[in-house]
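K.L.:
Here's the letter readout for the chains.
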Amino acid sequence: MREAAPAIDAVDRRIIDALQGGFPICERPYAAAAEALGIAEDELLARLQSMLERKVLTRFGPMFQIERMGGAFVLAALAVPEADWARVNDAVNALPEVAHNYRRESDLNTPLNMWFVLATETKEGIAAAIDEIEAATGLPVYAFPKLKEFFVEMKLAVRSAA
Amino acid sequence: MSADDASEQLDRRLIVATQAGLPLVPRPYHALAEQLGVSAGEVMARLNAMLERGTIRRIGAVPNHYAIGYTANGMSVWDVPDERVEELGARIGALDFVTHAYHRPRALPLWPYNLFAMVHGSSREEVLTKVAQIRELLGADCRASDVLFSTQILKKTGLRIAG
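As you go down the protein sequences, you meet chains V and X in turn. If you read the first sequence in our numbering, its first letter stands for residue 17, the second for the next number, and so on. If you read the second sequence in our numbering, its first letter stands for residue 1032, the second for the next number, and so on.
Because the hints were derived from the structure by calculation, they are not lab data. Note that the coordinates shown come from a computational prediction; the quantities given were computed from them, not determined experimentally. Take these hints with a grain of salt, some might be off.
[As the list claims (entries may be wrong)] Below, simulated DSSO-like cross-link-like pairs (lysine-lysine); rule was C-alpha separation at most 27 Å, straight line:
id : chain 1 : residue 1 : chain 2 : residue 2
1  : V       : LYS139    : X       : LYS1187
2  : V       : LYS164    : V       : LYS139
3  : V       : LYS164    : X       : LYS1187
4  : V       : LYS162    : V       : LYS139
5  : V       : LYS162    : X       : LYS1186
6  : X       : LYS1186   : V       : LYS139
7  : X       : LYS1187   : V       : LYS162
8  : V       : LYS71     : X       : LYS1186
9  : X       : LYS1187   : V       : LYS71
10 : V       : LYS164    : X       : LYS1186
Sequences are here, hints too, so could you generate the full structure?
P.N.:
And the structure:
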């Protein structure tokens, strides 16, 4: 991708590797996590803050599976003509239901080049969001709801040189 | 209001309060409790209950893949026979370089693919090498495939429900 990677040091790297899940639920969770990492509580807090500010982390906190609360996540795509890219991108990103949006390009040149995830509090909210996007962009939305999830686990170890 | 309804309401308020992130203060669950007007014990009990039920997948850091060295991110997509997709999906999902694998509907004629597997790597070449391993595993069950590389993050806010 096109952005420059922010620098991280060896301690940041250990924090990311250790804390992709399993953050404790207790009175002083940062102190408990810091102890396991061999650093001080205030250092862990300061480093998390800094990594969020530098966008090394996109979030720190609970990751919700909204399906368990009656909501839905659906992957969807648009075939956006190049000349219309900026307008369509603004229209799609303006919807709060759009949780992520990526530009993707394939070797086989599939016309589906904008891929986004809709996250809504109710299953019915997905159809409403799709209607809104179709009305705002004038393009048909291709929805790819998951029929089955095989295995999902965050398992990427940090690779950047420390 | 029943105890279940009260729990559900508190869960919803906890989601709204933490969807942008957990407070970065020494006692974050106490801070949430104060914000929501409940006890810290209730906050921790509801978070534990949501973790057990799977409403919370995990609590922790969400790294920007690019920042931690995974500069190439390929969505590999495969057309496999529907009657084989369960077995093949389970085998592909278990590969250590596949972070997400899903059976999804086709959108014919534009989109013949019914199996999606996300592959992350430090370069396109590395991702393509891994994709070749998936192709090998699928063998004759692979009727068509493509890899869509992300070339730009357009938005990444995560779930946002109204407060």
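K.L.:
Could you check the structure against the hints above and give me the numbers of any it violates, in ascending order?
P.N.:
As far as the earlier hints go, not one is violated by this structure.
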